[in-house]
Amino acid sequence: MIVPLDIILLVFVVITGIAALQIKDLLGATIILGSFSFFMCLIYTEMGAVDVAFTEACVGAGVGTVLFIAAVHKTKRRAKD
Amino acid sequence: MLEYIISKYNYWVYIFLMMLGLYGMIGKRNLVKKLIGMNIFQVAIILFYISIGSKVGGDIPILTAEDLHGMADPGKYLNPIPHVLMLTAIVVGIATTGVALAIIIMIYNRYKTLAEDEILEIRKETGV
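Chains A and B are the protein sequences, given in the same order. Residue 64 in the numbering used here sits at position 64 of the first sequence; the count goes up by one each step and never skips. In the numbering used here, each residue's number is its place in the second sequence (first place is 1) plus 1000.
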């Protein structure tokens, strides 16, 4: 566990989390949620949990983003808040 | 006191992420935004569990060749049990998200909107 890298990645995770909730375009929010999952995967790797990291990379950032994009494509793209 | 708070910085960030996800589930009116908040909440809890098994100077839990010939030192390695449990939690979480997105598509087909207050308004007017 490397402390400066940990702090930098946690700051990135907080920024992408806030942005995913605040942005009004739902497709953009989905892509930012995918980058949130990717930074979370880097944190797992840095903590030594490599098996959790590659599960998060393929299932969380991959399949999750595809499911969200499919659902946003079938419904409305713009949100009011 | 300040040193104590700074030395436990990662737990404060995890609690902030949990509260962010809770705000997304309660405060946002769009249903997809609520689901994004649920994902953030879930990932924050998984991160908390992973950090319990982590320690400074620990190696990843894979035995090396010299461990196989002598006695393996358990203090050298990270605890792999939280990793395995959270592996299951990630897969179950993505399955939950898929079912929720299917329900959201059905709600949109019936009410033609995704905002929670508009759906409640339509339900109050028409009774369905």
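For the record, the hints were derived by calculation from the structure and aren't laboratory data. If you're wondering where the values come from, they're calculated on a predicted model, not measured in any experiment. Where a beta carbon is used, it is the ideal one built from N, C-alpha and C, also for glycine. A few of these clues could be false.
Among the chain B residues that face chain A by a calculated CB cut under 8 Å, a handful are [what the hints assert, rightly or not]:
#  : residue
1  : Val1013
2  : Met1018
3  : Met1019
4  : Gly1024
5  : Met1025
6  : Arg1029
7  : Asn1030
8  : Met1038
9  : Asn1039
10 : Ile1040
11 : Ser1054
12 : Val1056
13 : Leu1087
14 : Thr1096
Okay, the hints, checked on the actual structure:
1. Below 8 Å, beta-carbon pairs count as interface contacts, and B/Val1013 has one with chain A at about 5 Å; its hint therefore holds.
2. For B/Met1018, the interface hint is violated, since its Cβ never comes within 8 Å of a Cβ in chain A; the closest pair sits about 11 Å apart.
3. The restraint placing B/Met1019 at the interface with chain A is violated, with a minimum CB-CB distance near 11 Å, outside the 8 Å limit.
4. Interface hint status for B/Gly1024: upheld, as the beta-carbon distance to the closest one in chain A is roughly 5 Å, under 8 Å.
5. With a cut of 8 Å, the hint placing B/Met1025 at the interface with chain A is violated, because the nearest CB-to-CB distance is about 10 Å.
6. Interface restraint check: B/Arg1029 against chain A, minimum CB-CB distance 5 Å, threshold 8 Å, status holds.
7. Because the beta carbon of B/Asn1030 sits about 4 Å from the nearest beta carbon in chain A, less than 8 Å, this interface hint is met.
8. About 11 Å separates the beta-carbon of B/Met1038 from the nearest beta-carbon of chain A, more than 8 Å, and the hint is not met.
9. Taken as an interface hint, B/Asn1039 checks out: its beta carbon lies about 6 Å from the nearest beta carbon of chain A, inside 8 Å.
10. Checking B/Ile1040 against chain A: minimum C-beta separation of about 5 Å stays under 8 Å; hint holds.
11. Against a cut-off of 8 Å between C-beta atoms, the interface hint on B/Ser1054 holds, since the closest Cβ of chain A lies about 4 Å away.
12. Checking B/Val1056 against chain A by beta carbon gives a least distance of about 5 Å; that is within 8 Å, so the hint holds.
13. Restraint check, B/Leu1087 versus chain A: the minimum CB separation of about 5 Å is within 8 Å; hint holds.
14. A distance limit of 8 Å between C-beta atoms decides the matter here; for B/Thr1096 the minimum to chain A is near 11 Å, and the interface restraint is violated.
Violated hints for the displayed structure, listed by number in ascending order: 2, 3, 5, 8 and 14.
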